[in-house]
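Chains as they are written, first to last, in the working numbering: chain Z, 1 to 236; chain W, 1001 to 1118; chain X, 2001 to 2117.
Mixed in with the good hints, there may be bad ones.
What follows is a list of derived Cβ distance ranges for each label pair [stated by the list, open to error]:
{"#": "1", "chain 1": "X", "residue 1": "M2003", "chain 2": "Z", "residue 2": "P163", "range": "53 to 59 Å"}
{"#": "2", "chain 1": "Z", "residue 1": "L74", "chain 2": "X", "residue 2": "S2098", "range": "27 to 33 Å"}
{"#": "3", "chain 1": "X", "residue 1": "Q2076", "chain 2": "W", "residue 2": "Q1103", "range": "35 to 41 Å"}
{"#": "4", "chain 1": "X", "residue 1": "P2078", "chain 2": "W", "residue 2": "N1109", "range": "49 to 55 Å"}
Taking beta-carbon pairs under 8 Å as the criterion, some of the chain W residues facing chain Z (in silico) [what the hints assert, rightly or not]:
{"#": "5", "residue": "V1018"}
{"#": "6", "residue": "L1028"}
{"#": "7", "residue": "L1045"}
{"#": "8", "residue": "T1048"}
Note that these hints are calculated values from the structure, not bench results.
Fair warning: this is a prediction, and the values are worked out from it, not measured in the lab.
C-beta: ideal position from N, C-alpha, C; glycine also.
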Amino acid sequence: MAEEHSHKAAPMVDEVSDYEVLETAVRELAIEKGLFSAEDHRRFAEYAHSLGPLPAARLVAKAWKDPEFKKLALEDGIKASLEVGVDWINDAPTGFGTPSDYTDLRVLEDTPQVKHVVVCTLCSCYPRPILGHSPEWYRTPNYRRRLVRWPRQVLSEFGLQLPADMDIRVEDSNQKCRFLVLPMQPEGTEDWSEEELAQIVTRDCMIGVALPHPDRKADDPRPVHPAVHPVEHHDH
Amino acid sequence: MSTESQQTPSSFTTLERVRSEGRLWADLCDQYGVENPDPPWRLSLEATCEALNAGTCALPTLERRSEEDELATTVYADLPFPERQVLALAHSMMERGLIDEEQLANRMNEVEKRLNSV
Amino acid sequence: MSMHHVEKITGVGDPQCFEGEAGKPRFKEGDRVRIKDRPDIFYTRCQMFTRGAIGEVAVVTHESVPPEDEAWENEQAPAEWFYIVRFRMQDLWGDYPSTYPNDTLQTEFSERWLEPA
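Next comes chain Z alone, as it looks inside the complex (with noise of 0.2 Å):
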């Protein structure tokens, strides 16, 4: 399982922030009042290293190149996933998966006629096992809020503009189910090998925010701002 390189650099910062000290203080505190144990964090940590989006990438890319592959993608996500080295449910320290991602992840499929996109409004979950970490945008209650009621302006703020015969399908993540976006392989990428294809398919883009594209192999910075007008107040 390739590991991000920005996940394994140490960072040659020359001075510790209290920030620094207040993530360990916390820490610390927390193991010695038994919340967790150290054992327990040292694992979870582990495990959050060795997470990024290649292997969801390289899912998408051998569903494009290959129809059997697809079809299983879209029938038993965890079966898919093994295909490109990640097991749901042993990976995980736990040995059943962890406590935020479960075991059930969902392929949706981008057709002529229909675009995905995924949120979570209760609390950004996130199929993390294959896809890695979430982008700060996708857990801001900005994107939360308004991407199930203006799905579409949001996405235009992405510089995705749909065209008006397609339909956009948001999916609300609140339960166990993880969703991972099969986006419509570009134009012109036919002949690409599954390598090749596998570099063009940003995070973002099985996200749902963005499309893959020929000449574009790192996804944009987003802009983070607070919500200007919320949906309605969660209730928990």
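Got chain Z sorted already, so can you dock chains W and X onto it with the hints?
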């Protein structure tokens, strides 16, 4: 109910000090010319949040996130992730009595000495 | 989480561990359903904006103890079938632009939240 962020001081002095004086990762990166988008403690924080939701579930994710959202519109509004996330976590834990502010302040002093003595 | 539950799910997965426990699903793909507005006294994952809305079952997903029970470490509570229900945006939001009549939103509910429409 106001729909705008109204930044107010934290009710926890320890956290208020961090909020107002702590150096953000983005600023540290600028100063030291580092490009890593995430601070070194970010994934450790993720693991802490996960561990709190696992096992005895001292702080369930849904509640923690709900409070984090609320705090994001008030006390910790002007901060980026993951600075906001760690402050909100400490805040939620103290509100629940899982940790105590005095202990936190003491531990932070000790940690700071320890990390700076290397 | 009890040791019993940990043993049950290790190597099996969650929600896979609840397979076979909920009997026959009450609804099937294509059924029209309404989301009940049940009182959520403590804890729920049923979004407010779906209450009372009418949609269509898009997928019958899996069996699991519902979050309302699982949150209280009550993994022994009966499992229910879960369903992804699809709504027209027009039906969720009164002012959704009519230029996009086929825009939809889908989200997941346990059986207790659904009634035939």
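query = Can we keep the L1028/W interface hint, with Cβ of chain Z closer than 8 Å?
reply = For L1028/W, the interface hint holds, since the closest Cβ of chain Z sits about 5 Å away, which is under 8 Å.
message = Just to be sure I understand the hint, the distance between the Cβ atoms of Q2076/X and Q1103/W should be within 35 to 41 Å; is that true here?
response = At 36 Å between Cβs, range holds.
query = Taking the least C-beta to C-beta distance, is V1018/W closer than 8 Å to chain Z?
reply = holds (5 Å)
query = Taking 49 to 55 Å as the hint, is the beta-carbon distance of P2078/X and N1109/W inside that range?
reply = The hinted range 49 to 55 Å holds for P2078/X and N1109/W, with Cβ atoms some 51 Å apart.
request  = Using the beta carbons of M2003/X and P163/Z, state whether their distance is inside 53 to 59 Å or not.
outcome  = holds (54 Å)
message = Next item in the hint list is L1045/W. Is there a CB on chain Z closer than 8 Å to its CB?
response = With a closest approach of 5 Å, the L1045/W hint holds.
key: Distance restraint hint 27 to 33 Å, applied to the beta-carbon atoms of L74/Z and S2098/X   = About 31 Å separates the Cβ atoms of L74/Z and S2098/X, which means 27 to 33 Å holds.
task = Have a go at the T1048/W hint: is there a Cβ in chain Z nearer than 8 Å to its own Cβ?
result = holds (5 Å)
Of the numbered hints given earlier, the model fails none.
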